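Input sequences plus hints: build the corresponding full structure.
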Amino acid sequence: GQQLNQSPQSMFIQEGEDVSMNCTSSSIFNTWLWYKQDPGEGPVLLIALYKAGELTSNGRLTAQFGITRKDSFLNISASIPSDVGIYFCAGQPVGNMLTFGGGTRLMVKP
Amino acid sequence: GAGVSQSPSNKVTEKGKDVELRCDPISGHTALYWYRQRLGQGLEFLIYFQGNSAPDKSGLPSDRFSAERTGESVSTLTIQRTQQEDSAVYLCASSARLRATETQYFGPGTRLLVL
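From first to last, the protein sequence lines stand for chains A and B. Numbered per our numbering, the first sequence spans residues 1 to 110. Numbered per our numbering, the second sequence spans residues 1 to 115.
Just so you know, the hints here were simulated from the structure itself, not pulled from any lab data. In this text the structure is predicted, and so the values were computed from the model without any measurement. Even for Gly, the Cβ is constructed at its ideal location relative to N, Cα and C. Check each hint, because a few of them may be wrong.
Claimed, not checked - For the chain A half of the interface with chain B, some residues (derived, Cβ under 10 Å), not all of them:
(1) Leu4
(2) Ala48
(3) Met107
(4) Val108
As the list claims (entries may be wrong) - Partial selection, computed: residues in chain A whose CB lies under 10 Å from chain B:
(5) Gln6
(6) Phe73
(7) Val84
(8) Gly102
(9) Gly103
(10) Arg105
Quick look at the structure:
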């Protein structure tokens, strides 16, 4: 099936740092979504993007739908401890179901 | 209002046994989805239901997997003759309609361990 390449797979953050992650696909997507999953819970939608070039913010989170429609990024500014978790991108190709990336695991630096 | 609920939250079974997982979607949501999430991996689409239409079973990994939905309510995912590679978290989601612009709301998942 469709594959989304999400990077990085994991990263350590220090409180106050900005964080960036991205997803790329070989196929064109109509929709890009970013979810966060906390341990023992299902994913929760953070940001939804529906138009190429769209830049959307949700608090300290900012996401963009790439103009080629094959990529998206998510930025988290001034990270806080509760940002820790797994972030998933998801895209929907034309007429098909959502495809999820492999996730980016955010952890706190010891 | 109530979100998507799933039961059981955890299930341990022996290889070869059948298991049944349950999903209660948000009331009024016509679309229901099942996903599988292996440890440290992303979500893998299994099947979706939309109203009374025939379900899209294109993601089911083998004929040991099947799912049913009664109208626009409860759904059950059945895995027959479980194998160790079936161990994963099984997530259910629902949305108001089957459209890309409709948010999918996820349940907490059922953690299945096949010994």
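Hint check results:
The beta carbon of A/Leu4 is positioned within 10 Å of a beta carbon in chain B (closest approach about 8 Å), and the interface hint is therefore held. With 10 Å as the threshold, the beta carbon of A/Ala48 comes within range of chain B, its nearest partner Cβ sitting at about 7 Å, so the hint holds. Checking A/Met107 against chain B by beta carbon gives a least distance of about 13 Å; that is not within 10 Å, so the hint is violated. Because the smallest distance between the Cβ of A/Val108 and any Cβ of chain B comes to about 18 Å, over 10 Å, the interface hint for this residue is violated.
Using the Cβ-Cβ criterion of 10 Å, the hint placing A/Gln6 at the interface with chain B is satisfied: the shortest such distance is roughly 7 Å. For A/Phe73, the interface hint is violated, since its Cβ never comes within 10 Å of a Cβ in chain B; the closest pair sits about 17 Å apart. Evaluation of the A/Val84 hint against chain B yields a violated restraint, the C-beta minimum of about 16 Å exceeding 10 Å. At about 4 Å, the closest approach between the beta carbon of A/Gly102 and any beta carbon in chain B falls short of 10 Å, and the interface hint on this residue holds.
With a least beta-carbon distance of about 5 Å to chain B, the hint placing A/Gly103 at the interface is held under the 10 Å criterion. A cut of 10 Å between beta carbons decides the hint on A/Arg105: the least distance to chain B is about 8 Å, and the hint holds.
Figure legend: structure checked against the earlier numbered hints; hints not met, in rising order: 3, 4, 6, 7.
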